[in-house]
Amino acid sequence: MTDLLQQSTSLWNVSMFIVAAVVLLLVVLFFVTYAIYFERKVIGWMQLRTGPNRVGPLGLLQTVVDVTKLLLKEDTRPKDADKALYALAPVLAYAPAFAVLAVMPFSETIQFADLGIGVLYYMALSSITVLGVITAGWASNNKYSLIGGMRSAAQMISYEVPLVMSVLGVILMTGSMNLREIVEAQRDIWNVIPQILGFCVFIVAAQAELNRTPFDLPEAESELVAGYHVEYSGFRFAMFMLAEYVYMFGMGSLVTILFLGGWLAPFGLDFLPIPGIVWFILKFLLYVFFQFWIRATMPRFRADQLLPFAWKGLLPIALVNILITAVVISFQNGTL
Amino acid sequence: MSMNLDMISLNSEFSEGTGLRTEEMLLNVGPQHPSTHGVFRLVVKIDGETIKESLPVIGYLHRGTEKLAEGLNYTQIIPYTDRMDYLSAMTNNYVICHAVETMMGIQIPERADFLRVIVMEMNRIASHLVWWGTYLLDIGAMSPFLFAFRDREMILELFNELCGARLTYNYMRIGGVKWDAPPGWIEKVKEFVKHLKKEIENYHALVTGNEIFINRLQGIGKFDAKTAIDYSLSGVMLRSTGVKWDLRKDEPYSVYNRFEFDVPTATEGDCLARYQLRMAEIEQSLRILEQALGQFPEEGEIMGKVPKVIRPPQGETFVRIESPRGEIGCYIASNGKDKPWRMKFRRPSFNNLQILPKLLKGENISNMVAILGSIDIVLGEVDA
Amino acid sequence: MSEEKRKPTPEEKAKAAAEAREKLEAARKAKEEQAAQASAPEAVASSPEQNAVKAEAEPASADQLAQAKAEAAAKAKAAAAAAAAAKAKAAREAAEGGATDTKAAETEAGGADADAKAKAAAAAKAKAAAAAAAAAKAKAAREAAEAGATETEAGGADADAKAKAAAAAKAKAAAAAAAAAKAKAAREAADGGAAETEAGGDDADAKAKAAAAAKAKAAAAAAAAAKAKAAREAGEGGAAGAEAGGDDADAKAKAIAAAKAKAAAAAAAKAKAAGGDAADTEAAPKAPSKNQPHLDHIVKLITEKFGSEVIEASYINELAKEVPTLVIKNENWHDVAKFLKENDELSFDYLSNLHGVDYEDRMEVYYHFYSYKNRQNLAVKVKTDREQPTVASVMNIWSGANWNERETYDLLGIYFPGHSELRRIMLPEEWVGHPLRKDYVPFDEEV
Amino acid sequence: MLGFAKGLGYTFKQLTAKKVTHFYPDVPYPMPPRFRGIQHFSPEKCIVCNQCARICPTECIQLTGKPHPDPEKKGKIIDTYDINFEICILCDLCTEVCPTNAIVMTNNFELATYSRDELFKNLNWLDDNNTNVREEN
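Chains as they are written, first to last, in the numbering used here: chain V, 1 to 336; chain L, 1 to 384; chain Z, 1 to 447; chain F, 1 to 137.
Don't read these hints as lab results, they were simulated from the structure. Be aware that a few hints might be false.
Simulated pairs of lysine-lysine, DSS-like, Cα-Cα distance not exceeding 30 Å [to be verified]:
#: 1; chain 1: F; residue 1: Lys18; chain 2: F; residue 2: Lys6
#: 2; chain 1: L; residue 1: Lys45; chain 2: L; residue 2: Lys190
#: 3; chain 1: L; residue 1: Lys194; chain 2: L; residue 2: Lys178
#: 4; chain 1: L; residue 1: Lys194; chain 2: F; residue 2: Lys45
#: 5; chain 1: V; residue 1: Lys143; chain 2: L; residue 2: Lys52
#: 6; chain 1: Z; residue 1: Lys381; chain 2: L; residue 2: Lys67
#: 7; chain 1: Z; residue 1: Lys341; chain 2: L; residue 2: Lys358
#: 8; chain 1: L; residue 1: Lys190; chain 2: F; residue 2: Lys66
#: 9; chain 1: V; residue 1: Lys41; chain 2: L; residue 2: Lys198
#: 10; chain 1: L; residue 1: Lys308; chain 2: F; residue 2: Lys66
#: 11; chain 1: Z; residue 1: Lys290; chain 2: L; residue 2: Lys358
The structure presented is a predicted model; accordingly, all values stated were derived computationally and were not measured.
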């Protein structure tokens, strides 16, 4: 793929890119369907029950059937909802989720865009989703969804800051924001070891970004019935679900790249003939399993505990991490 | 119960500082809502997320049990009491049988009394397990619900073998019980007690230590002993404020005075205290069960001598016993005939719910769910 | 008689379904009739207990047989069934009447006088039947039921004869009354026990008056017959409370008779109760219960503060684990309540139970207190009349009374002045009537 | 953090534990012998004493008797016997009071129907419902 980037833009080159983009879309959709399926299976196993097993062999077609149901279902809209915003909200939520994947180096060769400011691109785009969620909360003219929308606004914005701060450590160490270079810099040692503090803050902040337990306040079933997407049904609801899981795909790949050494084999095992993409997928699945595991165990935060935890808890740790990294680096290359 | 809501005034004020006009909002929680434990409606006046005022609306599940009871004879009323507190039907059966037996002075054979205590304590454990599962679901953790229901399923299976039903047992009769324990049943209960004793540790490991859970419940829904007594609260709601009062201990009925168990109390009176108390109560019930199974008389009949048609002497009685939710009482006014002249059930959930508006002032919505869950109401009992 | 066992063939099921559907129509038609004459207060003939029992004996699907009749099965079975059906119809009306209007079915006094009401019901039914399009035969069958209510099945045949005679005279309501009266007198003899003097109350007048008349008759009956059963009935009619000591000095003449009757009944009841729990005869007083000192102490404290006329009665209620019980006068109940809570010797700070009871001639509110300080129970009863029942609200003393008082108001209609928001709690706002009152007639008879 | 760790450890351990799901529609659910299911009625034992109709709290049993066909025997035999399963609460009081065990309970509980009419079970249906009848009553 990377050689395609160097070629001059001919018709063939552009069509190849379109094909590649469609392939990526299909891969992501395949991942989303089976991420939902496996999430239900894994959480089921953790709760001593077998997950979906009635549709298709071992229930493999369960999510396919769900998605078709959502497509066929009538797409209702509340009478005096804000029509334009109501239709716009799912688009605002879904589009950045998919756009973010363009910059991810899945392996040496597979990368769509090698941006110099990969990390910044990710952070900037991912905060557009907040707009989508707030418009959804406001437009569906329902008190529960309004509260859900407001909660998610507060949560996402206040967790964006520690998320970015925790990545600063990595950037300091590699000296560049280009994702590919960050992976290259982890040849001898993965960032997770030196940046353990940054890693923890990143993981927790990522949970909040994805609105997943223990931060699933915006769509807290037991309190707000379903939070911001309570009035959505049919395909628009599918869009919100898709956005959530594509973001998980995005965040999973980002964690693998930033902290777990992208497509690099774990230290000492690089003689095995296993291609980079397989390592990437393994680490990625490890992170996704961790997400399911947390969802099966953790209770939910309370709205008023959420924000102090971000500002008084995560942010100081991230800043300390940056400080330590800076001191260590400057000490290493003698400038201290 | 259809409410005219205009009597709740919504005020909105304009703050110069932010130049914003904020307005209060009336939010309808229920009657169909995931965490109201039944058809219970709470009209909540909120400003942003803080609750200014709340108005509980009940009566959606009112079936007029007391009116029906006036047309039925005493044996026919027992199936109706199953449906009042459907999570612990045995205690309801017992309270009406106990009331009639006190009036007529009927002696219960020992084996029947032991069977009654065993099934009541098992029902208390089942009811607390349902509370534990659904309370964690309200707080947001999904899997404890499944573990709780796996263990409760064992109790329901034992009840199914004993009296043929899983929820509405109709097991007790005036003067004794209908069925004797089938062969091998007592051993199965002993096994269950051992299994649950081990399982309780896992519950504590899974949830009680969890830091999010602790600071989610600490210090909310707090009240002191005086308010608890003033609002005639009972059961864990009362004991969480330090009042050591359990009818099984202080006004012993049936054979409870033969078992030694202690009454767990706490002092803070907040949701976490109530959580710990209910978990401790499960352990106490297991202790009682062990002793009851140990001293279970080998033979003996299960039905005392009872006249063919039960006609309590003219007069009235009021007895109260300890149900998982608090003090359940049964008042019977009889006119000497086989149908009660007036029957009234003192229902703990109904009285415990009165304090909710007072607790919710100034709380936010996620706390409202936690406080409502900690009161542990069953709507069948609130609206009986 | 059982056919060979075979799988229920489809048309078998269809027939059952059809039958069921007709059953529904028949039930609805019978219900309209019932609704038409529900207007008369104690419209329904709720025969005394044994009649009800016998009548209920064949609730035999009246509709089932109505259909049979509809299919004009002229066979002998139909004829015998007709008698049963008629009885069933009367019984079902009685049951419905009973369910909706427990007073008629319940009150023992009412029971003794059921036949008078039965006659009234017959008159009303006659009017309704005339109105209803039901076939004349159905009416005749009902008349037969009227007459044949107490005879056993075997007696059905002669009941038909009487029915036909009654049917002939049915044209006029009066005639029906006469026939029914004659039949009633006959039945009275058969009853033996409650020798029922031929009192008035022949037409369905206001319930209260009828109730009063009924009680008077019961009192007379009780006086006449010393049999325990009758006595117990009369006693119950008087007052459910076992105030062996206190007789409610009811001014009206009826009350004196009632008092006399109640004393007799109480004595009889106690004898029976005593007999029940193998205590010796009522003459030797049982050992004073352990709560007696508590009761005396409480009474002493209250009389010191409020004087002795405040306590109408105070006794130990053996039926309720010897709980000391007080009956406090309605007027100064609120001050006594405040005293019960504030006085540090009493300090009854826990209100366990609060509810109302409808005793036909009066309403009573029952309170059950508990004091955590000196571990002592106390039950208090406050009486109020029926027309405008009001009891002072204790909500400002025990806030636990709030919802309980609202529920008592909602279901029994007892007003609690001083309650901050006395609204219905269980029933919807626009509900008419208070269901737990004995004279409650559902406003809209639902299907 | 310790609380999180213990909780996560427990759920992880459950991954491999034995599952408790019961595949009900495919595998029939075994009911204990005393389970109170739908009644079975044997008309030959019934002596039309009406005890069951009288004890039923929801009054859902309707029965009619007819005099015995051959004249020398007295008493009555059952003609129609209906239970309205819309309001029957399966409380087992009828089987308790029946002197001749004419009505007993079976262990079947599947009674879902599409129309309410089918819930009016008549004598023949109750007679044919004779699979896994309950022995001890």
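Now the hints, each set against the structure:
1. For the given pair, Lys18(F) sits about 20 Å from Lys6(F) by alpha-carbon distance, which is consistent with the 30 Å threshold.
2. Annotation: proposed proximity of Lys45(L) to Lys190(L) is violated, straight-line Cα distance about 50 Å (limit 30 Å).
3. Restraint check for Lys194(L) and Lys178(L): the C-alpha separation of about 27 Å stays at or below 30 Å, so the hint holds.
4. Our distance criterion of 30 Å between C-alpha atoms is broken by Lys194(L) and Lys45(F), whose separation comes to about 46 Å.
5. A distance of roughly 16 Å separates the Cα atoms of Lys143(V) and Lys52(L); the hinted pair therefore holds under the 30 Å criterion.
6. Note on Lys381(Z) and Lys67(L): the hinted pairing holds, with a Cα-Cα distance of about 21 Å set against a maximum of 30 Å.
7. For the hint pairing Lys341(Z) with Lys358(L), the CA-to-CA distance comes to about 22 Å; that is within 30 Å, so the pair holds.
8. For the proposed pair Lys190(L) and Lys66(F), the alpha carbon gap of about 53 Å is over 30 Å, so the pair is violated.
9. Proximity of Lys41(V) to Lys198(L) is assessed by CA-CA distance (about 27 Å); at most 30 Å being required, the pair is judged to hold.
10. A C-alpha spacing of about 28 Å is found between Lys308(L) and Lys66(F), which places the hinted pair at or below 30 Å, so the restraint holds.
11. With a CA separation close to 40 Å, the supplied pair Lys290(Z) and Lys358(L) exceeds the 30 Å bound.
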